[in-house]
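K.L.:
Given the sequences, and given the hints that come with them, work out the whole structure.
Residue numbers (the working numbering): 61 to 350.
It is worth saying that the hints were derived from the structure and are not from the lab. Mixed in with the good hints, there may be bad ones.
[Said to hold, decoys possible] Here are the simulated DSS-like pairs of lysine-lysine, each with C-alpha atoms no more than 27 Å apart in a straight line:
(1) Lys146 - Lys249
(2) Lys208 - Lys146
(3) Lys225 - Lys258
(4) Lys249 - Lys208
(5) Lys225 - Lys208
[As the list claims (entries may be wrong)] Beta-carbon label-pair distances, calculated as ranges:
(6) Gln295 - Gly252: 53 to 59 Å
(7) Glu136 - Gln205: 23 to 29 Å
(8) Ser272 - Glu153: 18 to 24 Å
The C-beta atom is built at its ideal place from N, Cα and C for all residues, glycine as well.
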Amino acid sequence: MVSSNEKTGSSGSNNGPPPLPVRPTSPPVTTPVLGGFGFASASSSSLNVHTPGSASGTPNAGPSSTGSLRLSAQHERLILELLPFKDASQFREWLAFLEGDWEEYCRDYLDPQYFTALYDESGNAVEIPDKAPSDPEPDKAATAQRAKDAINNQSVIFLAYHPDKTTWTPEDHAVRFLATAIADSLLRKVWGERDWRKRPLEIAKAVYEVLSYKRAGYVGYQQQLWAMRQQQRQQSQHQQQQQPQGQAQQHTSQHQEAATLERLRRQHQPMPARRPHPDEMMDNPPDYNA
Numbered sequence: 061m062v063s064s065n066e067k068t069g070s071s072g073s074n075n076g077p078p079p080l081p082v083r084p085t086s087p088p089v090t091t092p093v094l095g096g097f098g099f100a101s102a103s104s105s106s107l108n109v110h111t112p113g114s115a116s117g118t119p120n121a122g123p124s125s126t127g128s129l130r131l132s133a134q135h136e137r138l139i140l141e142l143l144p145f146k147d148a149s150q151f152r153e154w155l156a157f158l159e160g161d162w163e164e165y166c167r168d169y170l171d172p173q174y175f176t177a178l179y180d181e182s183g184n185a186v187e188i189p190d191k192a193p194s195d196p197e198p199d200k201a202a203t204a205q206r207a208k209d210a211i212n213n214q215s216v217i218f219l220a221y222h223p224d225k226t227t228w229t230p231e232d233h234a235v236r237f238l239a240t241a242i243a244d245s246l247l248r249k250v251w252g253e254r255d256w257r258k259r260p261l262e263i264a265k266a267v268y269e270v271l272s273y274k275r276a277g278y279v280g281y282q283q284q285l286w287a288m289r290q291q292q293r294q295q296s297q298h299q300q301q302q303q304p305q306g307q308a309q310q311h312t313s314q315h316q317e318a319a320t321l322e323r324l325r326r327q328h329q330p331m332p333a334r335r336p337h338p339d340e341m342m343d344n345p346p347d348y349n350a
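P.N.:
Now the structure itself:
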């Protein structure tokens with residue numbers, strides 16, 4: 061099994077809009093986005109504090125991180141029954157350590173899919189998305205089985221530091237998340253080898269449920285981010301349209317001001333000395349030489 065001291069390199073594309081903010085982890089609420097583009101709504105207020113210790117090579121969030129998944133009480137109980145944890149506090153601490161694997165999943169799979177669908181080549185939000193992002197839900201049973209086999213067989217494809225993901229399918233990325241999350245837990249002895257050998261598929265399916273929950277929150281995050289950037293684009297276009305009108309008004313104002321100054325200058329300019337009318341001149345001026 062791989063060591064936990066290296067960092068995973070990115071196999072995703074470097075093109076696209078600026079890096080995304082911290083991704084949300086709150087429960088999703090189904091709602092349509094602008095133009096009927098179907099998403100789920102979720103809050104995006106969370107912070108990630110990373111610490112080393114991931115089998116995938118990606119740093120994990122520490123146990124004090126507020127970025128841990130906030131599950132509903134009912135959902136938490138359902139998943140907790142499938143995982144070998146003693147209590148809910150241990151389960152919540154484990155969720156925080158999954159952030160490194162989640163960041164890799166978003167970086168190499170989710171982000172490129174949503175960038176392509178919602179943004180143009182310059183990183184600006186498209187006015188109306190032509191199509192939904194290519195993000196099908198992986199098959200739960202098949203994904204869990206493949207993750208189980210990858211761990212038991214020490215699969216280089218899914219447990220390597222820098223796997224080649226060029227031809228990976230959506231299910232391959234999901235298998236990678238499950239395999240590295242479970243391998244990390246075994247390395248940190250969150251649960252023992254005996255627990256894994258006893259219920260491997262149940263554990264893998266429980267981790268799949270965590271991934272599905274986080275994916276739903278990510279969709280809501282993308283809705284909010286796209287709507288925000290769409291609003292910024294519209295405001296920028298409005299400002300550009302208003303700019304020529306403002307320049308024309310400024311030119312007119314300057315012309316009027318110049319005309320006013322010229323009129324005032326003429327009003328206050330000294331009048332030239334008035335020459336006497338010929339009738340006013342004396343007929344017989346005195347002879348000063350006499």
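K.L.:
Determine for every hint whether it applies to the structure shown.
P.N.:
We went through each hint and held it up to the structure:
1. Simply put, Lys146 and Lys249 have alpha-carbon atoms about 13 Å apart, close enough for the 27 Å limit, and the pair holds.
2. Only pairs whose Cα atoms come within 27 Å are accepted, and Lys208 paired with Lys146 is accepted, the gap being roughly 22 Å.
3. Restraint check for Lys225 and Lys258: not satisfied, since their Cα atoms lie roughly 31 Å apart, outside the 27 Å limit.
4. Taking the CA atoms of Lys249 and Lys208, the gap is about 17 Å. The hint holds against a cut of 27 Å.
5. For a cut-off of 27 Å, the pair hint linking Lys225 to Lys208 stands: about 19 Å separates their Cα positions.
6. At about 56 Å, the CB distance of Gln295 to Gly252 agrees with the hint of 53 to 59 Å.
7. Separated by about 25 Å at the C-beta atoms, Glu136 and Gln205 satisfy the suggested range of 23 to 29 Å.
8. Checked against the hint of 18 to 24 Å, the C-beta distance between Ser272 and Glu153 comes to roughly 21 Å, which is consistent with it.
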